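Kindly generate the complete structure, drawing on both the sequences and the hints.
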Amino acid sequence: MSTALAAALRPERVLNEALLRYVLRLGDTSLVLGQRLGEWVGHAPTLEEDLGLANLALDLIGQARLFLTYAGEIEGRERDEDALAYLRDAPDFFNLALAEQPNGDFGATIVRQWLIDAWQLQIYSGLQESTDSRLAAIAAKALKETRYHYRFSSGWLVRLGDGTAESHERVQRAVDELWRFTSELFAPDEVDERMAAAGIAPPLGAQEARWSACVEEDLRAATLKRPSEQPYPWHGKRGVHTEHLGYVLAEMQHLQRTYPGARW
Amino acid sequence: MAALIADQATAARERAVWELLAQVPDPEIPVLSIVDLGIVRHVRHGADGRLSIGLTPTYSGCPATEVIRSSVRNALEKHGHATAAIEEVLSPPWTSDWLTPEAHRKLAAFGIAPPEAAVSNPKQLWRATVVTCPRCGSRATVRVSEFGSTPCKAHYQCSACREPFDYFKCL
Numbered sequence: 001m002s003t004a005l006a007a008a009l010r011p012e013r014v015l016n017e018a019l020l021r022y023v024l025r026l027g028d029t030s031l032v033l034g035q036r037l038g039e040w041v042g043h044a045p046t047l048e049e050d051l052g053l054a055n056l057a058l059d060l061i062g063q064a065r066l067f068l069t070y071a072g073e074i075e076g077r078e079r080d081e082d083a084l085a086y087l088r089d090a091p092d093f094f095n096l097a098l099a100e101q102p103n104g105d106f107g108a109t110i111v112r113q114w115l116i117d118a119w120q121l122q123i124y125s126g127l128q129e130s131t132d133s134r135l136a137a138i139a140a141k142a143l144k145e146t147r148y149h150y151r152f153s154s155g156w157l158v159r160l161g162d163g164t165a166e167s168h169e170r171v172q173r174a175v176d177e178l179w180r181f182t183s184e185l186f187a188p189d190e191v192d193e194r195m196a197a198a199g200i201a202p203p204l205g206a207q208e209a210r211w212s213a214c215v216e217e218d219l220r221a222a223t224l225k226r227p228s229e230q231p232y233p234w235h236g237k238r239g240v241h242t243e244h245l246g247y248v249l250a251e252m253q254h255l256q257r258t259y260p261g262a263r264w
Numbered sequence: 265m266a267a268l269i270a271d272q273a274t275a276a277r278e279r280a281v282w283e284l285l286a287q288v289p290d291p292e293i294p295v296l297s298i299v300d301l302g303i304v305r306h307v308r309h310g311a312d313g314r315l316s317i318g319l320t321p322t323y324s325g326c327p328a329t330e331v332i333r334s335s336v337r338n339a340l341e342k343h344g345h346a347t348a349a350i351e352e353v354l355s356p357p358w359t360s361d362w363l364t365p366e367a368h369r370k371l372a373a374f375g376i377a378p379p380e381a382a383v384s385n386p387k388q389l390w391r392a393t394v395v396t397c398p399r400c401g402s403r404a405t406v407r408v409s410e411f412g413s414t415p416c417k418a419h420y421q422c423s424a425c426r427e428p429f430d431y432f433k434c435l
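As you go down the protein sequences, you meet chains A and Y in turn. Its first residue numbered 1, the first sequence is counted upward by one per residue in the numbering used here. Its first residue numbered 265, the second sequence is counted upward by one per residue in the numbering used here.
Keep in mind the hints are simulated off the structure, nothing from the lab. There could be a bad hint or two in this list.
Straight-line alpha carbon distances no greater than 20 angstroms define the calculated EDC-like cross-link-like pairs of lysine to aspartate or glutamate that follow [stated by the list, open to error]:
1. Lys417/Y x Glu49/A
2. Lys417/Y x Glu48/A
3. Lys370/Y x Glu292/Y
4. Lys417/Y x Asp361/Y
5. Lys417/Y x Asp430/Y
6. Lys417/Y x Asp50/A
Quick caveat: nothing in here was measured; it's all calculated off a predicted structure.
Rendered as structure tokens:
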């Protein structure tokens, strides 16, 4: 066996690769969702909600920067947050497929936000206890912001669900439509398992139960029904995306792709 | 004795840097300095004598963070600390509890309602907060929007004097 191959098989190396993938998943989910929310700027139903969505986007992109900077350091190939955000193509993005789904109407944006906020609440709470001190610090910071996001999105979910007949119908349709993307939120793969074994990330099982209870309670308050349909197993976090991510990246990366290294 | 004098000299130098940083304004709320805001975590001299400043961001995505960094860099360079290192400190995360009492006073005088409660208990966030109008002092105010002109503020209106105002959120 060549020494290079032996080195490549070292357990630390395997753990490092898994950590890199895990951190990219978190960062990419925040980045893509933040980019989606940015599309609302100037188009939201009222000025206040326009500001609200833009503020959420700002927090999410800020979180993405912290995660991606860390990912670049773990990778050790001199890629910074910008290189990772602007110069990777869709199969190298590991965000949840839910995050890249189109905005739809305001109700659909709220449903997507609420599902991910409730997920991030669980993930970041657990990560505060991570054996990886950098992740624990980022999570503790992000968690405080996520609480505000969740208060905003769950508040709107209830107002729309328990609102007029039309708002109820539209937000229920969005829940039905987006539900199929929830399967991958807590479905562990080998990366999640390695992270849990190393004490870097909490095991997903207990978190899923708490997420589910939280989502259930909000749906009830919003007079909405939890879809009975079994969610289809999407694999955004493995780099297998819906067609929508390519369009998000085309817009987000356009400037850096056209004028590499452009700054202002 | 010599060591004690050296320690005192270092302490005095660090105090001078703190005073210098107390002159650096927050770009979005210029009435506050970055020291009032509680985002300067440390000023210290390393074993090699190099000065190091620790800054913590308020919100992860706060666009002011980079402006603050370069203002601190400028201030340091102008006062002979060109080699100082500026470090980002994430843990423990910043909370609005780090605002100094002076900051609360300055915010209110500037027309921004300061955070109403300490946030050591996260449940605080879920309670309906009664915010005092910074103009007329009335407690009859309503929240117009969870999010205001910057990530750290919410938008309120006073029911007594009808003035709209910003509220510095608890984080």
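Going down the list of hints, with the structure as the test:
{"no.": "1", "hint": "Lys417/Y x Glu49/A", "in the structure": "holds (14 angstroms)"}
{"no.": "2", "hint": "Lys417/Y x Glu48/A", "in the structure": "holds (12 angstroms)"}
{"no.": "3", "hint": "Lys370/Y x Glu292/Y", "in the structure": "holds (14 angstroms)"}
{"no.": "4", "hint": "Lys417/Y x Asp361/Y", "in the structure": "holds (15 angstroms)"}
{"no.": "5", "hint": "Lys417/Y x Asp430/Y", "in the structure": "holds (6 angstroms)"}
{"no.": "6", "hint": "Lys417/Y x Asp50/A", "in the structure": "holds (15 angstroms)"}
Of the numbered hints listed earlier, not one is contradicted by the structure.
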